[in-house]
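Taken in sequence, the protein lines are chains A and B.
Using the working numbering, you'd call the opening residue of the first sequence number 120 and step up by one each time.
Using the working numbering, you'd call the opening residue of the second sequence number 120 and step up by one each time.
Hints are not guaranteed to be accurate.
Note that identical chains are pooled: a pair holds if it fits in a single copy or bridges any two copies.
Straight-line C-alpha distance at most 27 Å; calculated DSS-like pairs for lysine-lysine [said to hold, decoys possible]:
id, residue 1, residue 2
1, Lys166, Lys412
2, Lys333, Lys146
3, Lys140, Lys333
4, Lys146, Lys219
5, Lys248, Lys258
No lab work stands behind these hints: they were computed from the structure.
There are 2 protein chains.
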Amino acid sequence: MNDDFEKEIENRRESVEAVLKSYLPEKGGYASAVIDAMNYSVNAGGKRLRPMLMLETYRLFGGSGRVVEPFMAAIELIHTYSFVHDDLPAMDNDEYRRGKKTTWAAYGEAEAVLAGDALLNYAFETALKAFACEGADEKRIVKALSLLAGKAGIYGMIGGQAADIDAERSGRQAEPEQLLYIHEHKTAALIQAAMGAGALLAGASDKELAVIEKAAGEIGVAFQIQDDILDVTGTFEELGKPIGSDERNSKATYVTLKGLDEATREQKELSNHAIGLLESLSADGYQNEFLTKLIKSLITRLK
Amino acid sequence: MNDDFEKEIENRRESVEAVLKSYLPEKGGYASAVIDAMNYSVNAGGKRLRPMLMLETYRLFGGSGRVVEPFMAAIELIHTYSFVHDDLPAMDNDEYRRGKKTTWAAYGEAEAVLAGDALLNYAFETALKAFACEGADEKRIVKALSLLAGKAGIYGMIGGQAADIDAERSGRQAEPEQLLYIHEHKTAALIQAAMGAGALLAGASDKELAVIEKAAGEIGVAFQIQDDILDVTGTFEELGKPIGSDERNSKATYVTLKGLDEATREQKELSNHAIGLLESLSADGYQNEFLTKLIKSLITRLK
Chain A
120 MNDDFEKEIE
130 NRRESVEAVL
140 KSYLPEKGGY
150 ASAVIDAMNY
160 SVNAGGKRLR
170 PMLMLETYRL
180 FGGSGRVVEP
190 FMAAIELIHT
200 YSFVHDDLPA
210 MDNDEYRRGK
220 KTTWAAYGEA
230 EAVLAGDALL
240 NYAFETALKA
250 FACEGADEKR
260 IVKALSLLAG
270 KAGIYGMIGG
280 QAADIDAERS
290 GRQAEPEQLL
300 YIHEHKTAAL
310 IQAAMGAGAL
320 LAGASDKELA
330 VIEKAAGEIG
340 VAFQIQDDIL
350 DVTGTFEELG
360 KPIGSDERNS
370 KATYVTLKGL
380 DEATREQKEL
390 SNHAIGLLES
400 LSADGYQNEF
410 LTKLIKSLIT
420 RLK
Chain B
120 MNDDFEKEIE
130 NRRESVEAVL
140 KSYLPEKGGY
150 ASAVIDAMNY
160 SVNAGGKRLR
170 PMLMLETYRL
180 FGGSGRVVEP
190 FMAAIELIHT
200 YSFVHDDLPA
210 MDNDEYRRGK
220 KTTWAAYGEA
230 EAVLAGDALL
240 NYAFETALKA
250 FACEGADEKR
260 IVKALSLLAG
270 KAGIYGMIGG
280 QAADIDAERS
290 GRQAEPEQLL
300 YIHEHKTAAL
310 IQAAMGAGAL
320 LAGASDKELA
330 VIEKAAGEIG
340 VAFQIQDDIL
350 DVTGTFEELG
360 KPIGSDERNS
370 KATYVTLKGL
380 DEATREQKEL
390 SNHAIGLLES
400 LSADGYQNEF
410 LTKLIKSLIT
420 RLK
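Using the sequences and the hints, build the whole thing.
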């Protein structure tokens, strides 16, 4: 990744950040401890990848209004709640994330349960604000809402987390099919929601949505396999976290199940296919060079 | 409460139950442990008060279609997730509810966190199905969705729970104003969502919605004060749980803060005012005798 492109990503990340900040709940009142915990969780940082992918897919299909903004905030709120609850002692029991205390470690367990609930609920409160945006197209918003809700829920992201926990608790090595289900749901579903909602809000057809959902699913799985690969091939300096943790935790990954070479081959195949799908849209005049570069950088990243 | 009316409530509860069951998530697949926990939580019983109030308020304003049904399921899903999370060890640490194991006690803590998340998310997935109902009026559905989301969130029910936890942790006796905030949000907000959404889906005007929201808020607070009163005046046989638990836990209630006589007086005043508001609607031809009787029975109940 060259310096100019890194700078460009950083610029766009800051614009996304500004949108996000404008939708955060206001502090104060009797519920202020949990409102503070909500703000803390969202402000703990991150690449803001999902809202960025949503915005760029919206632009890919010619979207230019502000109706996408409440949805950008909503998807980041959903992503945020998911790790607030994932980090809980009853779940992964993580005290630190990106070098900062996790929400329960900073605010208490009960507050983190409620902050997570509040963030998820607030995601829908926020997305619903799209109906009040200038030039809002109600049919498109309803479709985007339904996609977002479905991909976030028990048949989407939560389903992936449920399967992941089940696999860990079973004490048995996960089957390849089960691991693919986990990656497709835990990680890829929210990438599909991001890109799919962006497409729908810009007026993409059912056929175009199907292309985007397919590509986003492949991107999500490739992204996750890259995570598994980096856990073996990366260095502490690059990743900022201990490597080899999956193997030490006997966690089934693409690499432990299929070996490094096969995992790398599948990751490349998925990535190339996804990029090909996106590029096929240019025949209908849909092009977004930044989006393509962003996705390439995600799935070939070294950290 | 006479026997005929009790039978009538039971009949209507069974119809509500049938609607609810038709919207529950299907079992099976890699996420089945959490899907089972979701079903278990909803099927653990309850009076189904909120969907019943919603349906009867919908009928009060002349509603007769099925567009209210996904919303009836949605509000019960929200009510259900709230106690799945409330019962967690990190929150109230309750192992039993209505004589049955709570969700975390039956399925594990991580599963209960995810089942609660999944129920909340599924509430929105379900309510969104209203757009696909025959004769759906999109503007009404959007208003009902926004009301539901707002009343369930950090400025509604979750805000009340956050304030409640904050008050308990502070070690200080709650102020009367703070206790009113907790009752208005933790309990009344979801009653407002139930009756308000029913009204909106039937086409109630902004002015009529305001009357319903005011009445529902008073009903919710009166219902909660009645809970506080019964904790002092009820018997174990009537309530099916130990009495005097609030005093033993030094929990601030209307009775501990204001005394039994004043609490009883305020409860009656709120109840009478709410009933008066509902009856005032009959001047415009809106009447639902069952709804009025149901509400009277709720706020004068002995268990």
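Comparing the hints with the structure gives:
1. Taking the closest pair of Cα atoms, lysine 166 and lysine 412 come within 27 Å of each other only inside a single copy of the chain (15 Å); across copies the shortest separation is 55 Å, beyond that limit.
2. With identical chains, the CA atoms of lysine 333 and lysine 146 are at most 27 Å apart between copies only, with a shortest distance of 26 Å across copies and 40 Å within one.
3. In this assembly of identical chains, lysine 140 and lysine 333 lie within 27 Å of each other by CA distance neither inside one copy nor across copies; the values are 31 Å within and 33 Å between.
4. In the homo-oligomer, the alpha carbons of lysine 146 and lysine 219 lie at most 27 Å apart inside one protomer (21 Å), although the nearest pairing across protomers, at 38 Å, exceeds that limit.
5. In this homomeric assembly, lysine 248 and lysine 258 come within 27 Å of each other (Cα to Cα) both inside a single copy, at 14 Å, and across copies, at 13 Å.
When held up to the earlier numbered hints, the structure conflicts with hint 3 and nothing else.
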